[in-house]
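Protein chains in written order, with the numbering used here: chain A, 58 to 265; chain B, 58 to 265; chain C, 58 to 265; chain D, 58 to 265.
Because the hints were derived from the structure by calculation, they are not lab data. The reader is advised that the hints may include incorrect statements.
[Claimed, not checked] Straight-line alpha carbon distances no greater than 25 Å define the calculated DMTMM-like cross-link-like pairs of lysine to aspartate or glutamate that follow: (1) B:LYS84 x B:ASP100; (2) A:LYS84 x B:ASP87; (3) B:LYS84 x A:ASP87; (4) A:LYS84 x A:ASP100; (5) C:LYS84 x D:GLU211; (6) B:LYS84 x A:ASP100; (7) D:LYS84 x D:ASP100; (8) B:LYS84 x D:ASP87; (9) A:LYS84 x C:ASP100; (10) D:LYS84 x B:ASP87; (11) C:LYS84 x D:GLU130; (12) C:LYS84 x A:ASP87; (13) C:LYS84 x C:ASP100; (14) D:LYS84 x B:ASP100; (15) A:LYS84 x C:ASP87; (16) D:LYS84 x C:ASP87.
[To be verified] Quick partial rundown of chain A residues pointing at chain C, CB under 8 Å, derived from the structure: (17) VAL74; (18) ILE80; (19) ALA106; (20) LEU113; (21) GLY116; (22) HIS123; (23) THR213; (24) GLY228; (25) VAL232; (26) ALA249.
Glycine included, each C-beta is placed from N, C-alpha and C at the ideal position.
Residue-level listing of the chains:
Number of protein chains: 4
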Amino acid sequence: MVTTGRLEAFSDAVIAVAITLLILDIKVPDASSATGLWHALGDRWPNYASYAVSFLVIGIIWANHHSLIDVVERVNRPLALLNVLLLMAIVLIPFSTALMARYLPGGGARSHIAAAVYSFTFLLMSLGFSAIWLHASRGRRLLIAGFTDAELREITRGFTLGLPLYAVAIGIAFVSAPACLVLHAIVAIYYALAARGGSIRPPTAASG
Amino acid sequence: MVTTGRLEAFSDAVIAVAITLLILDIKVPDASSATGLWHALGDRWPNYASYAVSFLVIGIIWANHHSLIDVVERVNRPLALLNVLLLMAIVLIPFSTALMARYLPGGGARSHIAAAVYSFTFLLMSLGFSAIWLHASRGRRLLIAGFTDAELREITRGFTLGLPLYAVAIGIAFVSAPACLVLHAIVAIYYALAARGGSIRPPTAASG
Amino acid sequence: MVTTGRLEAFSDAVIAVAITLLILDIKVPDASSATGLWHALGDRWPNYASYAVSFLVIGIIWANHHSLIDVVERVNRPLALLNVLLLMAIVLIPFSTALMARYLPGGGARSHIAAAVYSFTFLLMSLGFSAIWLHASRGRRLLIAGFTDAELREITRGFTLGLPLYAVAIGIAFVSAPACLVLHAIVAIYYALAARGGSIRPPTAASG
Amino acid sequence: MVTTGRLEAFSDAVIAVAITLLILDIKVPDASSATGLWHALGDRWPNYASYAVSFLVIGIIWANHHSLIDVVERVNRPLALLNVLLLMAIVLIPFSTALMARYLPGGGARSHIAAAVYSFTFLLMSLGFSAIWLHASRGRRLLIAGFTDAELREITRGFTLGLPLYAVAIGIAFVSAPACLVLHAIVAIYYALAARGGSIRPPTAASG
Chain A
58 MVTTGRLEAF SDAVIAVAIT LLILDIKVPD ASSATGLWHA LGDRWPNYAS
108 YAVSFLVIGI IWANHHSLID VVERVNRPLA LLNVLLLMAI VLIPFSTALM
158 ARYLPGGGAR SHIAAAVYSF TFLLMSLGFS AIWLHASRGR RLLIAGFTDA
208 ELREITRGFT LGLPLYAVAI GIAFVSAPAC LVLHAIVAIY YALAARGGSI
258 RPPTAASG
Chain B
58 MVTTGRLEAF SDAVIAVAIT LLILDIKVPD ASSATGLWHA LGDRWPNYAS
108 YAVSFLVIGI IWANHHSLID VVERVNRPLA LLNVLLLMAI VLIPFSTALM
158 ARYLPGGGAR SHIAAAVYSF TFLLMSLGFS AIWLHASRGR RLLIAGFTDA
208 ELREITRGFT LGLPLYAVAI GIAFVSAPAC LVLHAIVAIY YALAARGGSI
258 RPPTAASG
Chain C
58 MVTTGRLEAF SDAVIAVAIT LLILDIKVPD ASSATGLWHA LGDRWPNYAS
108 YAVSFLVIGI IWANHHSLID VVERVNRPLA LLNVLLLMAI VLIPFSTALM
158 ARYLPGGGAR SHIAAAVYSF TFLLMSLGFS AIWLHASRGR RLLIAGFTDA
208 ELREITRGFT LGLPLYAVAI GIAFVSAPAC LVLHAIVAIY YALAARGGSI
258 RPPTAASG
Chain D
58 MVTTGRLEAF SDAVIAVAIT LLILDIKVPD ASSATGLWHA LGDRWPNYAS
108 YAVSFLVIGI IWANHHSLID VVERVNRPLA LLNVLLLMAI VLIPFSTALM
158 ARYLPGGGAR SHIAAAVYSF TFLLMSLGFS AIWLHASRGR RLLIAGFTDA
208 ELREITRGFT LGLPLYAVAI GIAFVSAPAC LVLHAIVAIY YALAARGGSI
258 RPPTAASG
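Construct the complete structure from the given sequences, taking the supplied hints into account.
See the structure below:
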């Protein structure tokens with residue numbers, strides 16, 4: 058059987074490769090003069106911005122994935138499958154980041170589509186997380202012991218919060234792609250620093 | 058010597074990189090209008106479908122590899138070599154997936170070839186699994202103790218089942234590439250969820 | 058929560074992928090004759106030199122990252138975020154290495170820009186290290202017990218030393234790109250071999 | 058400090074990424090007819106052959122690296138540096154494999170150069186291994202206890218054997234590139250299966 062330790066190790070490796078592949082979309086520019094090179098490097102700002110936001114988001118996904126699996130006691134086959142689906146969504150992010158970087162600077166309708174697709178891959182990722190949590194926590198079947206009902210409800214709220222959030226981001230994408238990217242950056246930094254953002258505290262009973 | 062733990066860790070890393078490289082074949086389209094971008098993204102459906110199926114298949118390979126190595130007590134040199142050959146087959150999958158995605162939409166004879174090559178890499182992978190199992194289980198030489206003869210026969214049946222299955226898929230490839238891809242998807246989901254599909258339960262005697 | 062062990066494992070994986078991606082910039086040349094092939098392979102010296110220096114630098118980053126996390130007792134959210142930012146800087150290195158290799162041979166102003174950007178990614182990396190150390194060591198909040206004040210001051214000096222060093226490298230970049238690359242090579246070898254270069258000894262009190 | 062466990066984990070990850078990157082050189086062919094696709098896939102035989110040989114060689118490098126580090130008790134700074142240099146040589150192999158695959162079919166002087174460069178990267182790798190072993194075993198300074206002088210001499214012979222072997226391969230490269238590739242395949246399979254090929258048995262005294 059797949060243990061939680063192995064599920065984490067494999068997920069870590071996939072997430073580590075996905076986060077590193079983000080750099081492959083930042084290409085060396087061709088420039089025939091020094092001024093041209095400065096401009097070409099500067100013109101790549103949508104790549105740098107998308108790279109930074111996606112790197113941050115995937116980094117937080119990694120941390121939250123550990124929080125989630127930490128409270129899972131055992132892995133059954135549907136959970137392993139849901140985890141593969143989550144990874145499938147995460148690995149899409151280098152593609153949607155490249156799409157965002159390609160169409161962000163032009164503005165207009167194409168940038169809206171790119172930002173919507175970008176947000177949509179985050180929504181898929183959030184769906185994966187929610188599905189894993191709901192499957193594991195339903196009747197507490199795969200969780201470690203000690204969670205109170207209130208704790209479970211709070212964690213469920215934390216995990217499913219991403220869904221409306223990313224749905225809103227898709228909406229904003231059709232208004233302004235840069236605003237959409239900024240929103241993702243703010244959400245990522247909030248999640249990274251907020252004491253309880255999307256993370257799971259071990260049950261108080263277990264640690265008591 | 059290579060221990061089972063290290064064999065698993067290295068195989069995990071190779072499988073994790075291979076599964077993530079699948080995304081490199083989904084390229085950002087060039088489009089000069091919003092409508093063009095929607096169409097270009099939609100036209101990539103063979104890439105998305107192949108990506109999803111291959112991701113699922115490799116994810117299941119990963120889980121089954123653990124099931125297999127879990128019941129192996131020690132690694133000898135031929136087993137390590139067979140494992141390298143198995144990984145060699147798995148790492149071919151990103152290539153055959155790209156081939157499938159490239160020729161699936163056109164239909165016709167080229168799509169049949171692509172689907173056949175795609176199925177052939179799965180057959181190679183299945184051959185690798187069967188070879189590892191047969192080498193390890195022959196006279197129980199590398200297995201943990203406790204398997205009954207009936208259990209061994211059942212596992213052998215489970216592992217070698219992939220061979221005729223993928224041979225059939227190669228046949229179907231020459232009739233219809235989409236049907237072949239759908240078959241792989243169904244087999245993958247079945248294996249992912251079926252209680253005993255391709256996986257190995259530890260011997261009852263050992264856990265009793 | 059993210060433990061130090063998991064932070065290290067994830068960082069290791071990201072660094073391992075980043076260091077290996079360096080090879081993707083060394084491309085097979087097209088040549089129509091044997092002499093042409095020798096020359097084309099020889100003309101790639103900026104790629105080989107940049108590859109070697111960056112590989113060495115990232116290898117040392119990896120070792121120093123372990124030295125750093127070894128004396129960290131627990132990971133809090135800001136530390137995990139700072140670590141993601143450090144990785145973000147490290148993963149930029151394959152890009153800046155490719156930029157360096159592309160514009161080094163031409164000489165002139167473009168090579169100065171490339172060398173400056175190359176050094177700048179190292180400066181970012183050094184900033185990340187300093188930030189992690191300063192956050193962890195401030196009031197000893199995240200460190201293992203046993204460091205004396207003198208030891209802490211010495212380590213702080215070691216880590217923040219990279220900042221002026223890489224600032225100087227940026228300056229030298231605008232004089233001579235090859236000299237800048239040679240400087241990075243010397244610094245890397247010094248750090249690799251020097252008993253105390255950038256590394257952290259565990260507190261004497263703890264090991265006493 | 059870097060421990061042997063971490064040195065192995067990092068080396069494993071780098072080797073796993075390098076071995077998987079080999080597939081990136083096998084590209085999907087463009088073909089306008091079914092016959093054209095069969096031919097294009099068949100014409101890729103130098104890619105398949107080089108892929109298989111390099112995959113096997115790197116797989117064996119991985120196993121031998123564990124054998125080597127298993128008898129190392131502690132890592133000092135020069136050893137960590139030598140290990141980075143070894144990895145630097147291993148990561149070159151995807152490049153030299155692509156070079157081999159590109160110029161093998163044409164035959165003639167260019168194929169000789171490609172095969173010589175290919176063999177040269179293996180020689181570099183072998184040099185790295187020898188350097189690590191000689192540094193670690195000199196005066197037994199970094200080894201686990203229990204090796205007899207005769208055992209040390211035997212292992213030294215096993216490790217340094219690669220050097221003349223790969224030098225001979227470089228010579229053969231200038232006669233025939235296919236013969237050179239076949240030689241590498243034979244050596245790899247021999248090393249993979251031979252009871253003592255390049256591997257290290259733990260000291261008899263320690264296990265007695």
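Evaluated hints:
no.	hint	result
1	B:LYS84 x B:ASP100	holds (12 Å)
2	A:LYS84 x B:ASP87	holds (16 Å)
3	B:LYS84 x A:ASP87	holds (21 Å)
4	A:LYS84 x A:ASP100	holds (12 Å)
5	C:LYS84 x D:GLU211	violated (39 Å)
6	B:LYS84 x A:ASP100	holds (21 Å)
7	D:LYS84 x D:ASP100	holds (12 Å)
8	B:LYS84 x D:ASP87	holds (16 Å)
9	A:LYS84 x C:ASP100	holds (21 Å)
10	D:LYS84 x B:ASP87	holds (21 Å)
11	C:LYS84 x D:GLU130	violated (39 Å)
12	C:LYS84 x A:ASP87	holds (16 Å)
13	C:LYS84 x C:ASP100	holds (12 Å)
14	D:LYS84 x B:ASP100	holds (21 Å)
15	A:LYS84 x C:ASP87	holds (21 Å)
16	D:LYS84 x C:ASP87	holds (16 Å)
17	VAL74	holds (5 Å)
18	ILE80	holds (5 Å)
19	ALA106	violated (12 Å)
20	LEU113	holds (6 Å)
21	GLY116	holds (4 Å)
22	HIS123	holds (6 Å)
23	THR213	violated (19 Å)
24	GLY228	violated (28 Å)
25	VAL232	violated (28 Å)
26	ALA249	holds (4 Å)
Hint compliance for this structure: hints 5, 11, 19, 23, 24, 25 are not met, and every other hint is.
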